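Engineer: The primary structure of each chain is shown beneath.
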Amino acid sequence: MKELIARLVEAYGPSGNEEQVRALIQDEIKAHVDEARVDALGNLVALLKSDPDGQGKPPTRVMVAAHMDEIGIIVTHIDEKGFLRFAPIGGLTPLTLLGNRAVFANGVMGTFGMEKREILPTEKPKLDRMFLDIGTPDKESALKLVSVGDAAAFSRGFAQAGNRLLAKAMDDRIGCAILIQVVKTLKKNPNDIYFVFTVQEEVGCRGAVTSTYGVQPDLAIAVDATDTGDTPESRPMNVTLGKGPAIKVKDAGMLAHPAVRRLLVEAAKGLGIPYQLEVLEGGPTDAMVMQTSREGVPSGVVSIPCRYVHSPSEMVDYDDVTNAVKLLTKVLEDRVAI
Amino acid sequence: MLLQSLSEACGLSGNEAEVRNLILKEVQGLVDEHRIDSLGNLITLKRCSSTGAARPRRVMIAAHMDEVGLMVTHIEKSGHLRFSKVGGLDDRTLLSKVVLVGNDRVPGVIGAKPIHLLKEKERHQVVETDQMYIDIGTSSKEETERAVKRGDYVAFATRFSRLEGGLVKGKAFDDRAGCAALIELLRGRGSYPSDLYGVFTVQEEIGLRGARVAAYAVEPDYAFAFEGTVCDDLPKKKDLSPTTILGGGAAITLADRSFFADKRLVKLLVETAEKNGVPYQFKQPMVGATDAGRIHLAREGVPSVAVAVPCRYIHSPVNILSLSDFENLVRLMSLALVALPTLWPSP
Ligand SMILES: [Zn+2]
Ligand SMILES: [Zn+2]
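If you're matching them up, the sequences are chains A and B in order.
In this text, residue positions in the first sequence follow the working numbering: the first is 2, and each later residue adds one.
In this text, residue positions in the second sequence follow the working numbering: the first is 15, and each later residue adds one.
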């Protein structure tokens with residue numbers, strides 16, 4: 002599974018530009034699902050039809066979703082000297098940019114720079130003082146490589162540190178990897194399962210709005226990365242790397258449906274795998290909008306604890322990942338009823 | 015001139031009737047159907063030319079009828095009106111402006127302290143809305159209440175006029191310019207290759223509210239939002255781009271705070287513009303939000319793009335636009351609607 006994760010996290014896909022990630026996922030799952038379509042916004046919606054149950058009961062429609070997009074930047078201006086000004090795509094922290102590189106869909110690479118260069122001890126550098134340097138000496142040569150409106154994402158290779166995995170875009174390619182692994186692992190399937198790989202989560206959960214409307218699920222689960230409180234003097238939060246997948250209780254965008262939460266907790270207990278309950282001050286995830294689709298959908302979230310979220314080096318624990326696969330597989334192999 | 019009557023009509027968010035009536039009069043003879051929905055959106059339909067068996071494609075074009083302005087919140091014993099803002103307005107643009115209060119258009123002035131009386135400190139301060147008042151010439155609460163009431167909308171009393179260089183000034187070009195362009199488009203041809211839903215929306219300025227329900231009802235295959243958009247093309251110290259340039263042509267949105275434009279529609283607009291020599295420009299990404307932000311999320315999603323007329327000084331009592339940009343927007347869109355079938359998946 003690590004090889005799959007490495008390919009996913011290294012793929013390019015800032016919000017609104019998920020095509021490359023989607024192609025990769027399509028390739029991975031197409032042999033394992035009954036149908037897969039791309040909707041108007043670019044969400045990949047794959048259906049695994051239920052095994053016939055012999056009793057003619059209509060299967061439960063379960064939607065499991067992970068977002069394909071990652072944070073990044075969008076070019077707003079190219080100056081006379083060939084430097085690119087940009088606006089953020091999603092929640093970008095200025096400090097994470099300095100010293101890092103960004104890459105465009107066509108492979109053009111750049112590094113971040115800042116006006117005046119020194120940062121005063123009391124100052125938080127702002128994005129409008131920064132620019133991307135793609136090595137071009139003037140506007141004309143820059144325009145041959147990029148245009149205003151082009152998006153770039155962090156460029157950073159996948160790495161392992163002990164049992165932990167390090168990469169950009171772990172949020173939420175790790176969720177995509179888990180769903181792919183679940184598709185491949187399922188031995189039986191009493192439900193109609195919609196595996197949905199959404200677009201534009203980082204800019205307001207937009208892909209989940211339209212895909213959930215289209216799927217019309219009876220129950221929905223998002224799989225996404227979440228923050229932890231286990232680093233030195235971090236903000237207090239009861240989620241720790243390596244202590245198992247986190248089952249969401251609430252975040253700033255939603256209260257998880259208690260029955261979905263129970264379903265996940267019972268499954269984890271049944272399997273004897275570690276799990277933790279998550280109460281996140283930040284948020285939201287796709288589950289926020291899945292929950293309020295049409296007449297409402299009971300929704301929950303399986304979160305993967307992730308340090309340094311929205312930086313080029315997000316860290317997850319490999320056991321948390323494999324346990325999340327086991328957890329979701331277990332939930333989906335039983336007839337889902339709440 | 016249509017743009018003039020639209021600009022001088024008053025229609026703040028939630029109170030668009032005057033503008034809607036004016037538009038309805040203009041479009042009634044141009045469309046096959048029209049209706050007003052429960053929020054007040056005016057939804058018109060111009061049927062497509064072909065009578066083939068297949069379901070005709072639906073294209074929705076939205077322009078919002080509402081404008082930014084003020085609302086009376088309190089009447090002082092002295093007869094002065096306190097107010098709050100409807101939509102995004104900069105306090106600095108309000109002092110000393112002439113306004114029209116209520117549907118009877120009672121004239122008033124947003125009072126300012128004369129410079130003679132300003133303390134040194136006050137000269138460097140922005141007066142905030144809650145310190146301002148509207149003076150309609152009355153001297154008691156009772157007298158005021160005979161003319162206006164709490165909850166009345168307040169619009170700017172800006173007259174439309176022509177300036178040098180093919181420019182015009184007026185109020186509410188955001189988005190009466192879009193409304194006027196949409197009307198021109200409905201007037202331009204007997205029919206287009208798709209069912210064209212010209213939708214004049216309400217309550218854009220306070221959260222894109224009308225477009226949400228209109229798009230749900232129309233269920234379009236493709237959508238365009240017509241806008242009057244930010245233009246800050248005056249000289250800058252740093253080498254930073256303006257959002258749009260006056261006279262630079264129709265401004266195509268690639269991405270703003272509310273949505274990413276559909277890449278196929280952007281390509282269609284750019285190719286159409288280049289093939290026909292219609293001036294166009296890209297609006298600086300990630301500035302502002304439009305009705306497209308709601309329309310593209312309707313039901314299972316709608317490929318959408320926004321196209322705009324650049325307007326200097328928008329969201330202030332007076333705006334300026336270039337008639338050439340306006341004409342180029344209409345021309346570009348009328349050509350693009352004819353070219354749109356190239357995007358349809360082959361049956
Ligand atoms: Zn995420
Ligand atoms: Zn506006």
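Wrong hints could be hidden among the right ones.
To be verified - Cut-off 30 Å, straight-line C-alpha distance, at most; resulting in silico cross-link-like pairs (DSSO-like, lysine-lysine):
| hint | chain 1 | residue 1 | chain 2 | residue 2 |
| --- | --- | --- | --- | --- |
| 1 | B | Lys163 | A | Lys82 |
| 2 | A | Lys189 | A | Lys244 |
| 3 | A | Lys145 | B | Lys133 |
What the hints assert, rightly or not - A partial selection of chain A residues facing chain B, derived with a Cβ cut-off under 8 Å:
| hint | residue |
| --- | --- |
| 4 | Lys31 |
| 5 | His33 |
| 6 | Val34 |
| 7 | Asp35 |
| 8 | Val39 |
| 9 | Thr77 |
| 10 | Gly83 |
| 11 | Phe159 |
| 12 | Val210 |
Said to hold, decoys possible - Listed next, the stretches of chain B that the computed footprint assigns to chain A, with coverage defined by at least 3 CB atoms under 8 Å from CB atoms of chain A:
| hint | segment |
| --- | --- |
| 13 | 87-101 |
| 14 | 250-259 |
FYI, nobody ran anything at the bench for these hints, they're computed from the structure.
Quantities reported herein were computed from a predicted structural model and do not represent experimental measurements.
For each residue, glycine too, the CB sits at the ideal point set by N, CA and C.
Engineer: Next step is simple, just say for each hint if it's right about the structure.
Structural biologist: Consistency of the hints with the structure:
no. : hint                     : in the structure
1   : Lys163(B) with Lys82(A)  : violated (58 Å)
2   : Lys189(A) with Lys244(A) : holds (28 Å)
3   : Lys145(A) with Lys133(B) : violated (56 Å)
4   : Lys31                    : violated (20 Å)
5   : His33                    : violated (24 Å)
6   : Val34                    : violated (19 Å)
7   : Asp35                    : violated (19 Å)
8   : Val39                    : violated (11 Å)
9   : Thr77                    : holds (5 Å)
10  : Gly83                    : violated (11 Å)
11  : Phe159                   : violated (27 Å)
12  : Val210                   : holds (5 Å)
13  : 87-101                   : violated (count 0)
14  : 250-259                  : holds (count 3)
When each numbered hint is compared with the structure, violations occur for hints 1, 3, 4, 5, 6, 7, 8, 10, 11 and 13.
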